[in-house]
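Protein sequence lines, in the order shown, are assigned to chains A and B.
Heads up, the first sequence is in our numbering, so the first residue is 1 and it goes up one at a time.
Heads up, the second sequence is in our numbering, so the first residue is 1 and it goes up one at a time.
Honestly, the hints are just simulated from the structure, not real lab data.
Hints are not guaranteed to be accurate.
Claimed, not checked - Here are the simulated lysine-lysine pairs, DSSO-like style, with alpha carbons at most 30 Å apart:
#1 A:Lys158 with B:Lys38
#2 A:Lys219 with B:Lys232
#3 A:Lys315 with B:Lys130
#4 A:Lys219 with B:Lys265
#5 A:Lys315 with B:Lys131
As the list claims (entries may be wrong) - Which bits of chain A does chain B cover? Going by a derived footprint, with three or more residues having C-beta under 8 Å, they are:
#6 116–128
#7 235–247
Just so you know, even glycine gets a beta-carbon here, dropped at the ideal spot from N, CA and C.
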Amino acid sequence: MLKLEVNKIEPQFNFRATIPTIAITVALLVDILIPNNANAKYRNLTNLRSVLIVGLVLTVILFFVTLFNKSYREKYSHKSWFVGAMITFFNVLNIVTVKFMLLPQIYFPSLNRVLNVFIQDRKLLLTCMGSSFSLFLEGLVVGVIAGIITGIMVGWSKNWNYWVNPLIRMLGPIPSSTWIPLALVIFPTPRWAAIFLIAFGVWFQLTILTSSGIQSVSKSYFEVSSTLGATDSQNLFRIAIPDSLPSIFLGFFNATCSSFVALIAAEMIGSKSGIGWYINWQKEMVAYPNVYAGLLIIAAFCYIFITIQFKIRDKLLGWQKGVIKW
Amino acid sequence: MAERGNKMVATLKNLETSNDLITACNISKEFINTNGEKTIALSNLNVEIHAGEFVCLIGPSGCGKSTFLRLIAGLTSPTTGEIKLDSQVIQEPGYERGFVFQDPTLFPWLTVYDNIAYGLKIRHVFKEKKKDVDEFINLVGLSGFEKSYPHQLSGGMAQRVSLARALVNHPKVLLLDEPLGALDAFTRMNMQDEILRIWKQRGTTMVMVTHDVDEAIYMSDRVFVMTHRPAKIEEIINVNIGRGKSLGRQRDSVDFLNLRSQILKILDYAGKGGQTPEYFL
């Protein structure tokens with residue numbers, strides 16, 4: 001087999017940069033050379049093959065880029081094993097489903113059928129993505145604003161801490177979905193109730209981490225700031241809040257994760273659109289390819305959203321010593 | 001030679017003289033800990049510090065010298081008595097009393113430049129006084145490091161930033177709480193000269209806490225020797241040794257060494273052969 005040293009980064013060519021291309025070629029050969037099982041439904045679909053061909057062209061182009069761009073070569077080579085493993089995972093999935101039918105095809109449909117959903121249901125999926133995204137964003141914005149404000153008040157003011165802190169501890173840990181009955185009664189429309197459910201989880205996470213961030217600001221920063229002429233409110237806005245930004249960001253990260261969960265719960269109530277609703281509906285119809293397609297969309301969305309979030313964080317918190325890279 | 005016997009009774013007479021910048025009258029400070037026990041940090045302190053003077057407070061740890069500095073800064077208030085700056089009673093911190101802590105305590109989320117500009121910005125005078133920031137960056141020798149963040153600086157550099165940050169406000173008095181305590185010997189000697197240079201150039205009154213007798217003699221006009229239990233100023237010593245080119249005293253001169261042993265004697269360290277003074281037992 002391959003006996004090359006993978007850790008050594010050579011000036012021009014890095015073996016690791018070829019891993020994705022090799023993995024995708026293997027997957028393509030498997031798909032072409034092994035015939036689909038005779039009992040498989042929709043055995044004539046070739047969506048996976050099209051995706052693999054596009055992927056192959058892409059990895060070849062990227063490989064050529066790595067030959068000339070040093071920083072990109074290092075980045076691409078670093079991720080290559082992971083990308084290769086992911087491709088191989090789908091390759092194995094392809095083998096055990098449509099090629100040899102080792103798994104019951106009603107629950108584990110072929111990748112071709114999952115990909116086919118994106119083509120057939122594309123209009124419905126796009127509307128669902130749009131409505132999910134706007135619901136998610138509205139809940140997140142409301143929750144973040146409310147959470148940061150409450151967190152600052154609780155962290156900064158003794159009175160707020162006295163009155164609000166015990167309430168947060170009582171209400172916060174209650175899972176979002178258990179609020180559904182109450183939310184439906186209190187709010188005029190199910191959509192408002194859904195926004196509340198998402199915002200609530202976000203609010204809790206941000207309140208906890210903002211207030212603890214503000215309370216743990218070193219007293220000496222306030223002393224220095226005061227001797228330089230700062231007033232109390234300047235101490236809050238110029239010392240306490242900047243210093244607790246790392247903690248606030250951690251709260252924001254936790255909040256996004258919990259709001260994905262809340263989003264799915266929120267879409268169970270009264271809505272007729274959204275990815276969560278789509279997955280639920282398709283599950284009841286036992287349309288597993290559609291369920292997987294929905295899950296893939298959620299996964300991709302989470303990945304993109306969290307990546308953007310960390311990019312912003314690294315930009316804002318570059319002053320931190322040894323900031324944790326994600 | 002230094003004068004001895006310049007006791008507090010004598011200084012009390014001078015309280016009303018016009019060039020006194022800081023006057024402290026019958027100051028005492030008590031702390032009550034969580035068990036309800038009372039600790040007397042300072043008792044019946046009477047001090048006056050002249051404008052433009054360099055004063056060092058020296059004494060063993062826990063003798064209340066830092067507490068006195070914090071009282072002038074307005075970071076704590078005295079249990080009895082009052083401290084005045086230019087005949088105005090000190091009640092809270094203010095920019096006219098700059099403070100430099102032993103730990104530079106730079107704001108880690110601001111660059112060197114923004115750390116120094118902080119005082120001007122919060123007082124809303126940054127636009128008019130932008131030049132001052134550059135001037136003080138030059139003064140403490142940090143040109144080229146404006147965009148660095150505190151975690152990228154060495155201990156000496158960080159302390160220079162901290163010094164510039166306090167000075168940019170043009171304080172009437174700069175309070176230095178063991179500012180060089182955490183630095184290595186060579187950086188420390190360089191910084192001593194640098195502080196003296198700034199003192200001469202700006203004419204800022206300096207009140208410095210130190211536990212280093214040599215540093216006190218090298219730098220100050222007067223040394224307040226404080227002792228423990230009861231916490232008080234044991235003696236005020238005028239350092240009547242001529243300043244050299246670098247504004248500091250010649251460290252190996254006879255006068256220097258005599259004064260040094262005199263202070264050590266007051267502090268009860270001299271001639272004890274390394275024996276621990278009574279107040280540490």
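Evaluated hints:
no. : hint                   : verdict
1   : A:Lys158 with B:Lys38  : 26 Å, holds
2   : A:Lys219 with B:Lys232 : 28 Å, holds
3   : A:Lys315 with B:Lys130 : 26 Å, holds
4   : A:Lys219 with B:Lys265 : 37 Å, violated
5   : A:Lys315 with B:Lys131 : 29 Å, holds
6   : 116–128                : violated (count 0)
7   : 235–247                : holds (count 5)
Comparing the model with each earlier hint shows violations of hints 4, 6; every other hint is respected.
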